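Asker: Chain residues, written in single-letter form:
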Amino acid sequence: MKHSTQMFAESDLNNRNRRYEQLFKTLFLLMTLLLIIPVLVILGTLIVKGSGSLSIEFLFTEPTNGMTEGGIFPALLGTVWLVSVALLISVPLGVAAAIYLSEYAPDNWYTRIINLAIINLAGVPSIVHALFGVGAFVIFFGFGTSILAASLTLAIMTLPVVIVSTRESLQAVPHAFREACWNMGATRWQTIRKVVLPNAVSGILTGVILEVSRTTGETAPIMFTGAAFFLPYLPQGIFDQTMALSLHLFVVATQVPNVPESLPYGVALVLIGIVLLMNTLSIAFRMHLRSKKKW
Amino acid sequence: MVSQTEKPPKFSVKDLTIRYGTTPALSGVSLEVEENEIFGIIGPANAGKTSFLKVLNRMDTMTEGMSYEGEIEFNGINTRKLRNLYALRSRIGVVFPLPVGLPLSIYDNVAFSPRLRGINEKKRLDQIVEQSLTRAALWDEVKDRLDSLGSLLSGGQQQRLTIARALSQDPDILFLDEFSIAVDPVTTMRIEDVLVELKQEMTIILVTNLVQQARRLTRRTAFFLSGECVEVGETEAMFAGDVKDSRTSDYIEGRFG
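Top to bottom, those sequences are chains A and B.
If you're matching positions, the first sequence starts at 0 in numbering that gives the first Met the number 0 and goes up one per residue.
If you're matching positions, the second sequence starts at 0 in numbering that gives the first Met the number 0 and goes up one per residue.
No lab work stands behind these hints: they were computed from the structure.
Bear in mind that the values here come from a model prediction, so they are computed numbers and not experimental data.
One thing to keep in mind: the hints can contain errors.
In the BS3-like style, the derived pairs of lysine-lysine whose C-alpha atoms are separated by at most 25 angstroms in a straight line are [claimed, not checked]: (1) K13(B) with K293(A); (2) K121(B) with K193(A); (3) K142(B) with K121(B); (4) K122(B) with K142(B); (5) K198(B) with K6(B); (6) K193(A) with K243(B); (7) K193(A) with K292(A); (8) K80(B) with K6(B); (9) K6(B) with K243(B); (10) K142(B) with K292(A); (11) K121(B) with K13(B); (12) K291(A) with K193(A); (13) K142(B) with K291(A); (14) K293(A) with K193(A); (15) K193(A) with K142(B).
Using the sequences and the accompanying hints, generate a full structural model.
Answerer: Have a look at this one:
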């Protein structure tokens, strides 16, 4: 048997392993730091160049003088319209589908095909969703280019996100709780309503907030289905067209001549501000959820 | 007509085979559980004990791939032909190996089943909750904090909460599936005392891997081994050595398992 001093003596192999260990650790750390750079640069540029144009007035007045001056109120309001209507459609639909898939669906080929379809729906490019929206909602259902058509397109696009996040929240509720309820003679629905849903609702909401942040930034799906270049009036209902922040940014940045440089940066700052706010909310919600865990 | 003295057995099982997919978990079981007895099922892990309980309250319909053959009668009624399985399950209280306190308040845990039966009157619910918790020997420990979460009680308390919940069903029969696995010996003895009292009012099927627990509590015992019911007999006689199969005496004397 070796003496302990011999056992811990360093061989060449040990040294080489340690050098590699150090090398790879540093390499991975560098890659991670690289990730942060674009975020910081984007935010920094936007704040430096855009904060000059930010004001309460900017948020709540209409664009004037061929969109080279004034505020962004119609676009901001339009985005709120589009996102709200999209949520009203996708949340009930998505949550219902997720409840079916998580709580009722047997594990067979039929369910597997549905799951596959959801994954594929998530992978469809947004421009394809846009064209589908034109064909289905604008033309076939005859909604015209309107908030309704645009929101329906957005809703279908974000449906997989809602379904997947809801299903995960439901599955995070231990199966033993369901078994206990069923054994007492509860139906599946009674079990879902009294035990599963109340304990999954925070997780579901987190997913919904994330969906809001995604929907807010989408441009392609609303371009042909309901969002307008410029409108001299505010939308009065879901059958009107509307302006939207994301499209407005595209327009003032590339389509309109003689726009002062700070204007598009201001629009972008508002847009990213909304998204960051939503993401922060969702993270806060998740932390709240962890602290209130009941088992 | 069935006279009062010739009541059908609580459960009558004939030629029962249980399968998960095509794999049999238990086969060829025939036995009867009589009213107001504590019926023991002993055997090592993977013997099919839990699967047996699951088909008795028809939880096979809630379990992916589970099916059974053979006849099971509950109070003389073939459970395969029952359409209202929810009513069947509400007549049977089940206590699991690991305590399952629902993430509801202690009160709501115990009021869950009465509410399922449509009892919503506060006074009546209060009464059932107090009575069930008292009978499960938990009332004194929790009466001042009925609003706190049931899932945050200690293991032993949660197991008694589960028993209180089962009793709140006002069951005909109680299934206990290795209830003492996660419970300290003192609590185990308290629950055993409760069971002896409950026997006056209901039938109990006690699945246990503690041979001595079966001996203390049960009148008759079935020995399950690797998906087979080796034998059913009077508990005392079995422990006295009156067995039909040498594997039974080997198991209860601790030579394996």
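Asker: Starting from the hint list further up, note which numbers the structure goes against and sort them upward.
Answerer: 1, 6, 9, 11
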